[in-house]
Every structure is written in structure tokens, then in C-alpha cells.
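Novice: These are the residues of each chain, in order.
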Amino acid sequence: MIVEDKVSRRSFLKLIGSAGVVGTGLVASGCSGDQAGGKGWMPSQYENKGNYAAKVKGRIAIDEDNPSIMRDDAKCILCGQCIEVCKNTMSVYGSYNLPIKKETPCVNCGQCVLWCPSGAITERTDIDKVEAALADSDKYVIVQTAPATKVALGEEFGMEPGEIVEGKQVAALKALGFNAVLDTCFSADLTIMEEAAEVLHRVVSGKEPLPQFTSCCPGWVKFCEYYYPEMFDHLSTCKSPQQMFGAVAKTYYAKKLGLEPGKIVSVAIMPCTAKKYEAARPEMNAAGREYGQDSVRDVDIVLTTRELAQLLKKNKLDLNGLTDERYDSILGESTGAGKIFGATGGVTEAAVRTLYYYVTKQTPPETLLEWQSVRGLDGVKEATINIPGAGTLQVAVCHGLKNARTIMKRLKSKDAPWQFIEFMACPGGCIGGGGQPRSAVPPTDEVRKARMKSLYQLDKAKSGKHASYENAEIQALYENDLGKPLGERAEKLLHTQYTDRSRLLSAKKE
Amino acid sequence: MAQDKGVLIDLTKCIGCGSCTVACKLWNKVEFNEKAPMVGTGAKLNDKNWTVVERREAVTRQGEPVYRYVKQQCMHCKDPACVSACFSRALQKDENGAVVYYPDLCVGCRYCMVACPFDVPKYEWEKALPLVAKCQMCATRLAKGASPACVDVCPTGAMTFGNSDELLQTAKSIVANDNKYIKHIYGAKEIGGTNWLYISDVNFVELGFKTDMEDVSPVTYTRGLLSAVPFLAVTWGVFLTAMALYSRRRRKLEGKKGDSDDEE
Amino acid sequence: MKKTYKQLELLGWKFTLTPMRFVLTALLLGSLAVILVRMVTGYHFVTNLSDETPWGFWISFDVMVGVALAGGGYGTTLLVHTFEKEKYRVVARSALVTSLFGYLLVMAGLFLDIGQWYNFWRPFVSWGHSSVLFEVFWCISIYTTILSLEFCDILTERVAKKMHHWVIKALPVLLIIGLVFPMMHQSSLGGLFLLFKTKMYPLWWSELLPLYFLLSSFFVGSAMVCIETELARRAYGHAIEVSILKRFCRVGGRVMAAYLLLKIVDVTVKGQWGYVFANTMQSNLYLVEILLGIVLPILLVFSPAVNKRWGLLLYALLTVGGIIMNRMNCVFTAMYKSGAYFPSVWEILVSVGLIAAGCLVYCFIVENFHVIGDSRAVHRRVQKDLGSGHD
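If you read the sequences in order, they're chains F, H and S.
FYI, in the working numbering the residues of the first sequence are 1 to 510.
FYI, in the working numbering the residues of the second sequence are 511 to 774.
FYI, in the working numbering the residues of the third sequence are 775 to 1165.
Just chain F, with the same shape it has in the complex (with noise of 0.2 Å):
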């Protein structure tokens, strides 16, 4: 039998009983309302304000497929400068109606990669491409060079603003082992020779409408393609010269120099990241097309100024240090006219020259070759010149996408007596493009007028050739592969189409 009790009742009881008092007491602690973590947060994130500024801004939308942008977060401060340039500059953000449709509306200026003070918006990179082109045996790699990095690549590597290195940059070019290093002066004075050669058409034809567009700035193109599609019959057909160069490059080049067009590899340093949105555009494969590869492009890899830099410092080549050297030819002879594409207000100089040429069969005059009206940072110029034999010229000239606005209202409101226009996107026109040394954020017009200057400097240290149709290799050209301006084969090679983008945005009304 199991053993009796020993223990009373009683104690049984009082021994529970107190040790439901002592468990109760402990337990009832868990009863009070407050929370027994305290009345204060934990950890301090949630008393102090982190990193957050005193006043924050909102910033730009990018989409995650934008081919010239892109952003690292970590880096934004939300400063909003962003949305300032890309506002009051560019008129892009903000322009359109709530709610958006499959595209955020960008014109791939890089703007805001200039404005952003912390570095957390740049171009969206393709060094590796390049890198892997150069380490591959089996391509030939060739380079054009546009005449605004000419005279900013310096910056990155300490030098003043303005400073001219094209001979340094075609010696650094050459030291990554590029197989060419040529120039997009060239092809700049190719535009022209199209360009001029459209205006008079249009003049004296009386088919298509004047004034005529210039369509070398792929951000302003696709402004144009947003916000005034119905304007497309007077943007010139003419591609710019970065596109002219690389159809060129991979027909004529190619086949003088007995090389596969598919074994060329495009590369062009640009002071735009545009540029990089520009090349991909799938019209721009007419070398391919000549072909039978569409998938050829006409330029495979665009780089800005800054990542050349970044290429050149990763390989240990400091600019500072280089000899100058010579561009390649045949695609590597420019004129003055050239040169000074890259300045707002030079598309317009060296079309005129060669116009004035075209029209008078004589060499323009001196203030044609310095024609101080179209020159300088107003931000809508207005310029005439009498061409004898034809009368008065009268042209515009804008840089920054708001002033382009101005030039269009006046057009709508038949307020514009020009016949042609020069449109930039970028205040300055390329010299101070998204893809330029960041030398002063934001850029200043005293880092613009000091690279315009030296273009224009450029252009007059070219002794006797101010004016494209003055460029040998050019005439070379024309004579062996493209026959005339505006013949078949330039229309072909050099002339492109727009695309309706009016439908991807719900465009405010002006």
C-alpha cells in the first residue's frame, strides 16, 4: 500500500497556497499596462533623424532601362537639383500629365548627371564593352573622337578648363590599343556637306518646309519626337555626325581597308550620354542593312569623356604625360568647320560656310568665319547673313530644351522668320553635355565659355580650312563611294527617319 501521509492537511495547504501567493506576485508584474521594454524606443534610429536633411527634396524618376542613365541610391541626398535642372533647364519633368503611360518621358540629356552634387546619378557604364572589344584578337576596334571632349578630357586629369588635348587623347587612344583612332570632325564636316546641301534644297525646291531643324542632337531628336511630332517634315534628315561616321566606317573604310564589317567594332568617345541612347535607336544599322546583318550597328559602343578618363586612369595613362599624336586617316581630316560642332552656335557657323560656298561657288567671308552672332551662351540667338545670289539668311540658334519651347511657340504663333534652327539640348550645346568632366557642379558657364573658346581657337589654328566641303578626305569620299549630297547612296547611308513618341507621354498643353 502506498505510504500514508505524514503530512497534514493543513500544511499540504499552506504550503500551496503560498506558493501560489509567490507565483502570482511574480507573474502579476506582467500586468501592467506599459510595456516592459520601457517607454522608450530602442534603438536610437528612432529618436534621432538618421542622415535625413533638415529639407528634402524629391528627385527625378529613372527607369531601371534607360540605356544612358542610372543611379546609385546610396548616394542620393535628395537635394532635388535633379528636378530643378531637368525642370527649369530641360522642361522635361513636369511636362507631361499624371498618370504615365509605359515610359518614364526622358530625352537622355544627363543633365541631372552634371547637377547631382553627390555623384549618385551617372552615366550607365560600358567600359567593360570596350575592355572586351580591345582584349579581343579577332575585332578590329576602331574610335571617333568628337570635337568637345577635345578640349575637356584634360579636366579630369587636373588641367584647366578648356585645355585642348586632341592630340594627347588620339596618343592615349592609340596606347589602349585601338587599331584606329579617328575623328568625328570628319563626320561633323559630312553632316555638313548633307545639311548645307538639304537647306538649299528646301529652299529652292519648295518641297519640304522651312525653317529647317538641325537633328544632331539625339536628346533634342527625341524632344522633338515627344513634344512636336507634328514639326517632324522640318527636322533635316541628315544623322549626326557620330552615326554618319560609323555607317561610313563599316561601307567605305571597311572596304578600303579590306576589313569584315562584322570584325569592326564602333566606338565613339562622346561629351553626351544621349549619344549612348542615340546609337542603340534600331534604325541606326543602315551599314548592316547594306549588308544583309541588321544586327550590324552602325556604332557599337559609345563612351563618355568621363569614363575614357576612368579607361585611361584604370590602365595607368595620365594625359599630362602623352605626346601628341595624329589621327588616322581616312576618316581622320576635319576642317574648322568641324571643330566647332560642339559649341552652341557652331552646327549653324559651319553650315552657313558651306551653304554660302554651295550657293556662290566662293569661299565664305571673314565674318562668316567668325560669326560672332551665332556665338556666345544667350540662350536663343538670332543671326542674319546676306548671301549674294540669293538674298538674306536668317537663323536661330537655341541651347537648353526650355529655349527650345521659345523658338516653337514662336513658330506656332508665326512669329519666325528663320529658315534654319539649331537646336541643343545641353546649355552650351555639347561642350557642356552629360557626359562632360564634372569640373563644376552645377556647370557654370565660365567651364562652358572657357571649352567653347578653345574650339573656336581650334578652328582658327586650322590654316586655310574653315569650311567642310575645304576637307580632302571628304571630297575623297564622295568621289569614290557616295557619289553626291543627297544622291541615292547618301540618302541611304547618311539619312535617317523619326519616330512618333507623342503616344508614350500625355504631353501638357503649352
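Derived by calculation from the structure, the hints in this document are not laboratory data.
Certain hints may be false.
Unchecked claim - Simulated restraints, written as ranges between beta carbons of each label pair:
1. S/Glu826 - F/Gly292: 47 to 53 Å
2. H/Lys766 - S/Asn1142: 36 to 42 Å
3. H/Glu567 - S/Trp1047: 44 to 50 Å
4. H/Glu567 - F/Gly206: 35 to 41 Å
5. H/Lys690 - F/Glu473: 55 to 61 Å
6. F/Gln293 - H/Glu567: 29 to 35 Å
7. S/Gly1045 - H/Arg566: 46 to 52 Å
8. S/Val1135 - H/Lys766: 38 to 44 Å
9. S/Leu1034 - H/Val569: 57 to 63 Å
Unchecked claim - For lysine-lysine, the following PhoX-like pairs were computed, each having C-alpha atoms within a straight-line distance of at most 20 Å:
10. H/Lys558 - H/Lys539
11. H/Lys558 - H/Lys545
12. F/Lys263 - F/Lys174
13. F/Lys102 - H/Lys762
14. F/Lys465 - F/Lys449
15. H/Lys682 - H/Lys588
16. F/Lys57 - F/Lys101
17. F/Lys509 - F/Lys409
18. F/Lys55 - H/Lys539
19. F/Lys101 - H/Lys523
20. F/Lys508 - H/Lys690
21. F/Lys508 - F/Lys412
22. S/Lys788 - H/Lys720
23. F/Lys256 - F/Lys129
24. F/Lys256 - F/Lys139
25. H/Lys523 - F/Lys509
26. F/Lys174 - F/Lys313
27. F/Lys102 - F/Lys508
28. F/Lys314 - F/Lys174
29. F/Lys75 - H/Lys545
30. H/Lys682 - H/Lys693
31. H/Lys539 - F/Lys75
32. F/Lys101 - H/Lys690
33. F/Lys75 - H/Lys699
34. H/Lys554 - S/Lys1111
35. H/Lys699 - H/Lys588
36. F/Lys409 - F/Lys87
37. H/Lys720 - F/Lys102
38. H/Lys523 - F/Lys87
39. H/Lys523 - F/Lys508
40. H/Lys654 - F/Lys55
The structure displayed is predicted, hence computed values, not measured ones.
All C-beta atoms in this analysis are idealised placements derived from N, C-alpha and C, irrespective of residue type, glycine included.
Based on these hints, arrange chains H and S on the given structure of chain F.
Specialist: What follows is chains H and S alone, placed relative to chain F:
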């Protein structure tokens, strides 16, 4: 008691800039991780992303394919499942209606994660001593009368901060007066109502919202159970005691009758 | 004839060394290594848990299945001590030991699963009383304490013998309390899932979930007792009469039938028959769980098959399998999203290691205390062999 504060998100006004996601990380001192993007296709909440803006492809009622950017964060429900689930009160609804996390009290059981109908709370799986991570609605800012950081920074005004029921009225009038909006306010009724509301011009299903929610909070069910438990426990205890006494008595009586002890 | 194994003796405590026990010890040591890594580095090396599946093998198996199976004890206690069904007393002690160590293992498993394990005590003072988990936590804590006190009945027959009569005196009260708490936490484990209504496949969510979990924990008790006693019979040659086990299992079978009936009514009222035969993964797993885990055991236990040991064992295995499946289904299948989770080998090793620990402790207890056999036999033995100790 103070009013519940809320935020109304107008999805037609979001351009996907991601300012809100950066503001959230800056205010809450959370690290950036480029492998887990906060904006775009496939942007997901995780232990470092307390709010994200996901890009979704959708079709408007006119049949036009569009992108819509959908901000995701804690919905700060009116009757939160996570607050009810937390057995150590590490998640609490404060007087402004924000659902706030107290890491000190958290045991790490992750019941809140499974309970949340929107799958909001995330966990720091990579850490040795992980914490739960979710939007806190900038509770300290709310305490000072300011709006959450994300609302503060939005450049298009896609988000409006205010008293939750006033916002609901605002949402109702917007939706009623403008035909482009879907006639539904997400969060008005879902699981008993949330303090963060959405209006949109595109069907919520296409935007990845969970649309098969009932109008009552799931907490209703546990409330029912827990209110019944004490009664059931006491009843059962009484019944057992009675049964035990009865059976013992019976055995004693039987024992007196026959043999002294029980068999085997 | 039974094989005899070497016995390890230390300070009067015996432990038989069999090959199986070496295996179990190896598993235990392996899991201890993994546990160390888990405590030092967290989840990402050792588990496959993620934001999509925050609850994994340790919760579904160690905790949910563990509590259900370890809770077999309370069914026996209920029958023996409340309804004074003397015929089941023989299994009462064994059930108690299994319960106690089962619950301790559940707690160990849970401790390993929680992220801030040093905060485990928080719910004792910071009361999240709106949470079903709060109730589960408290009930399991109190119940394990009760079980430990009940175990003192066995323990104080050999250790701290002076406490023995105190314990005997307290036993009836402890037993009553020890029957209220399991009812609460077994059902509340089902109650945990009530919050998941919007996330669970309809076949596994019901307002009756607490009742389902309670009933299933009851009838699995009889199945667990069958398995334990079978293992004890094979190890120690100590057999419980088939007729006793049969009657015990048939009590469980009646509860199982009630459970099945409730489920059928529930599904009918909710109009969910379409889900049952939808031929989706979830539907098919549901059918397997019900047919193999409930219907088949019911048929078996009321057939003459259970007059034989193999029949009982088959019934037991099917029932236990059904419970494991049910708990796993509730955690995984019912809330399945794409990006499926499968436990990592380390998670499984830890769970297996914990079970191995439980087996080893059970064997130790059984060989050193008087657990197997009826209480009368135990006491006789105490009086007879004070001092000596051999099997």
C-alpha cells in the same frame, strides 16, 4: 485618444522616382544594398527595404498597356493581425495608429510574419540575432505632428497624409468625381480596414494587390477563441475534479464491498 | 532469448550500451555541433528558412508534431486518474515520462528556432494576451512544470526520498491541473492558425481548428502509447496485454470517428467538396492525410486486426503518420507559395538529434526508475531491492 493617422496613395501620380525609398532609409538609418533594388520590376520588401516601389505592367480600362509604380509598405491595419499575434507585445499600435516594433521585447518566433495577410514583416536572416523589419510609419515624426518621411519627400504629391477617416472621405470623393479611377479604395474595407489606402486607375489585381480579403480582420477569430478559453478551462477543471471525486468514491465503495485493492 | 548487452554503471546509475544507442549518441553529438553553429551564426548557414517561409521544419515538426505526440500523456492520465480506469494504469507512468521529455524536447526545439533566444522569458512579464501563442506559451510552461512535479513521484522513489510523500499528497491536484492545461494548449496550437485565414488553403482552415487539434492530440495519444510500449517490449521484454491496448486504442478510435464526422460536416457546410477533389497538390495531400491517417485507422481499430500486435502497431503508425502529415500540411501545404521550402539537412539533423536525446533519456529513466509496469509492481520492487540495482 488620438485619431488614427493614415496615408492615401494615388497610384496614378507615382512616377517611380523612388525618393520615398531613399527617404525611408535615410530616416531609419537602414543600409543600402544594390543587390536588392528598391524601385523597379521585381523590387521587394526585405529586412533592409522597408518600403519599395514595384514596377508592374498593367492594362488600363481603355486597353492601353502601361507601367504603374506601386509603393509597398506596412499597411498599418486598423485591427492588425501582427499585433494580435505577438505574444510578448513586441508589436504595438501606438496612439497615432502606427504599428510599431519593439526589438527589446521580440523573442523571434516570427508568428507575426506568418500572420500578416500582406506578408509585410521581414526578417534579418543573415544576422546571428535577427530582428523583424518593417515600416514603422516614422512613429517619432507622427508624434511630433509631421508626416512620415516618404510622404514628406514625394515630388508629385502621390501621397497625402492625414487623419485616416478624413483620408477615406477624400478618397471616396476623388474616386466618385473622376472617372479614370477604379471604383474601389484598397484598404477601406480589406481585413477590417487599413490606415494606408490606395486609389488607382488600373485594376488592383494587375498591380499585385491581394484582392480576395474579407472585410473582417482575422483577429476576430482568435478573439473568439481566447474569450471562450477561460470559461472552458474552468468548466473542464470543475468537471475533472467532479469526475475524479466521483470515480474515487465509487472505487472506495467497491473496495469496501470486495477485495481490498484494485486488480491488474 | 534476449541478447544481453554490456551495462555501464556509474555511481549506481545504469545505462545499457547497445549499437542503437551508439547511433543515437552519434546523432545527438552531430546535432549539438549544428546547434552550436546555429547559435553562433544564426539561420543562414544552417536552415533554408526565408521571408517566404519563416516557419520551417523546427516549428512544424519539433513544436507542432512534438506537442501533439508528446501530449499522448494527458490522454492516458485522463483515463487513469480521472475516470479511474484502472486497467490503463499500467501505461500511465510510461506515458508520463514520454510526455515530460517530449515537452522538454519541444522546448529545446523551440528555443533553437527563435531568433532572440535570450528574450525567451519576455512573454512571462510582457503579456501579449491577445495572442493565442501567449496562451500556448504559458500553458506549455505551466504544464511542463506540472509534468515535472508529477515526475517527481517517480523520481523521489529513488532520489530525495524525503520529498516523496509531499509529492504523493500533491499529486491529485497536480493531475487535475495537468489535465486542464493540455486541453488548452493542444487546442490553442490549432488556434494559432485562425489568424491565417486569408493565407491558408480552405481545406485546412476552419473555425473548428482548435477542436480538431484537441481531438487529434487525444487520439494520437493511444497510438503513441502503442508505439512506446512496443518499443519497450522489444527492449525490455515487458509486454502490456493486447486487450488493454486494444481497448485504449478503440477509445481513441471513437474520438477519431467523431473528428472525421466533424470534418465532413464542416466541409459540407462550407461547400468545400470542390476543393477536396480538385486534383491540385493541396487537394491530393488532404485526401492522403484523411484517408490514410483517419479513415484507414478507424477501419483497422474496429476490425479484428487489432487483436494482434501487428494490427495495433499498424493502426498506431498510420495514426501518428496522419498527425505528422496534418501538422505539416497546416504549416506548409496550406500556405504554399511558389519558391518551395525544403528543410536543410542540418535542420533535419537537429530534429533527429533531439529525438535521439529523448530516446536516450527515456531509456536511462526506464532502466533506473520504476516506470514500466504498474505502480504496485514498482513499489514492491522498491521495498525489495533497496540498495542493489540490477535488472
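Novice: Would you mind marking each hint as holding or not holding in the structure?
Specialist: Here's how the hints hold up against the structure:
1. For the hinted restraint 47 to 53 Å between S/Glu826 and F/Gly292, the CB-CB distance of approximately 49 Å keeps it satisfied.
2. For H/Lys766 and S/Asn1142, the Cβ-Cβ distance of about 37 Å falls inside the hinted range of 36 to 42 Å, so the restraint holds.
3. Restraint check, H/Glu567 to S/Trp1047: a C-beta distance of roughly 37 Å breaks the suggested window 44 to 50 Å.
4. With their beta carbons about 47 Å apart, H/Glu567 and F/Gly206 fall outside the hinted range of 35 to 41 Å.
5. Between H/Lys690 and F/Glu473 the beta carbons are some 58 Å apart, a value that agrees with the proposed interval 55 to 61 Å.
6. Between F/Gln293 and H/Glu567 the Cβ separation comes to about 32 Å, which falls inside the hinted range of 29 to 35 Å.
7. Against the hinted window of 46 to 52 Å, the Cβ-Cβ separation of S/Gly1045 and H/Arg566 comes to about 33 Å, which falls outside the hint.
8. Taken as a hint, the range 38 to 44 Å holds for the pair S/Val1135 and H/Lys766, whose Cβ atoms sit roughly 42 Å apart.
9. A C-beta distance of roughly 47 Å is found between S/Leu1034 and H/Val569, which places it outside the suggested range of 57 to 63 Å.
10. With a C-alpha separation of about 10 Å, the suggested pairing of H/Lys558 with H/Lys539 holds against the 20 Å cut-off.
11. The suggested pairing of H/Lys558 with H/Lys545 holds, with an alpha-carbon distance near 11 Å, which does not exceed 20 Å.
12. Distance check on the hinted pair: F/Lys263 and F/Lys174 sit about 19 Å apart at the alpha-carbon level, within 20 Å; holds.
13. Taking the CA atoms of F/Lys102 and H/Lys762, the gap is about 87 Å. The hint is violated against a cut of 20 Å.
14. At roughly 24 Å between alpha-carbon atoms, F/Lys465 and F/Lys449 are farther apart than 20 Å, so this suggested pair is violated.
15. Pair hint H/Lys682 plus H/Lys588 holds up; C-alpha atoms about 18 Å apart against a cutoff of 20 Å.
16. Between the alpha carbons of F/Lys57 and F/Lys101 the distance comes to roughly 24 Å, so the proposed pair goes past 20 Å and is violated.
17. Taking the CA atoms of F/Lys509 and F/Lys409, the gap is near 12 Å; set against the 20 Å cutoff, the hint holds.
18. Note on F/Lys55 and H/Lys539: the hinted pairing holds, with a Cα-Cα distance of about 17 Å set against a maximum of 20 Å.
19. Between the alpha carbons of F/Lys101 and H/Lys523 the distance comes to roughly 11 Å, so the proposed pair stays at or under 20 Å and holds.
20. Taking the CA atoms of F/Lys508 and H/Lys690, the gap is near 18 Å; set against the 20 Å cutoff, the hint holds.
21. Simply put, F/Lys508 and F/Lys412 have alpha-carbon atoms about 16 Å apart, close enough for the 20 Å limit, and the pair holds.
22. Among the hinted pairs, S/Lys788 with H/Lys720 is inconsistent with the structure: their alpha-carbon atoms are about 60 Å apart, more than 20 Å.
23. The suggested pairing of F/Lys256 with F/Lys129 is violated, with an alpha-carbon distance near 26 Å, which exceeds 20 Å.
24. As the CA atoms of F/Lys256 and F/Lys139 are separated by approximately 17 Å, the hinted pair is consistent with the 20 Å bound.
25. Restraint check for H/Lys523 and F/Lys509: the C-alpha separation of about 18 Å stays at or below 20 Å, so the hint holds.
26. Between F/Lys174 and F/Lys313 the CA atoms are separated by roughly 14 Å; this keeps the pair inside 20 Å, and the hint holds.
27. Restraint check for F/Lys102 and F/Lys508: satisfied, since their Cα atoms lie roughly 17 Å apart, inside the 20 Å limit.
28. Restraint check: the Cα-Cα separation between F/Lys314 and F/Lys174 comes to about 15 Å, which is no more than 20 Å; the hinted pair holds.
29. Annotation: proposed proximity of F/Lys75 to H/Lys545 holds, straight-line Cα distance about 15 Å (limit 20 Å).
30. At most 20 Å may separate the alpha-carbon atoms for a hinted pair to count; H/Lys682 and H/Lys693 meet this at roughly 9 Å.
31. Restraint check for H/Lys539 and F/Lys75: the C-alpha separation of about 13 Å stays at or below 20 Å, so the hint holds.
32. With a C-alpha separation of about 14 Å, the suggested pairing of F/Lys101 with H/Lys690 holds against the 20 Å cut-off.
33. Simply put, F/Lys75 and H/Lys699 have alpha-carbon atoms about 39 Å apart, too far for the 20 Å limit, and the pair is violated.
34. Taking the CA atoms of H/Lys554 and S/Lys1111, the gap is near 16 Å; set against the 20 Å cutoff, the hint holds.
35. With a CA separation close to 10 Å, the supplied pair H/Lys699 and H/Lys588 stays within the 20 Å bound.
36. Simply put, F/Lys409 and F/Lys87 have alpha-carbon atoms about 18 Å apart, close enough for the 20 Å limit, and the pair holds.
37. For the given pair, H/Lys720 sits about 24 Å from F/Lys102 by alpha-carbon distance, which is inconsistent with the 20 Å threshold.
38. Restraint check for H/Lys523 and F/Lys87: satisfied, since their Cα atoms lie roughly 17 Å apart, inside the 20 Å limit.
39. For the suggested pair H/Lys523 and F/Lys508, the alpha carbons sit about 15 Å apart, so the restraint of at most 20 Å is met.
40. Only pairs whose Cα atoms come within 20 Å are accepted, and H/Lys654 paired with F/Lys55 is accepted, the gap being roughly 16 Å.
Comparing the model with each numbered hint stated earlier shows that hints 3, 4, 7, 9, 13, 14, 16, 22, 23, 33 and 37 do not hold.
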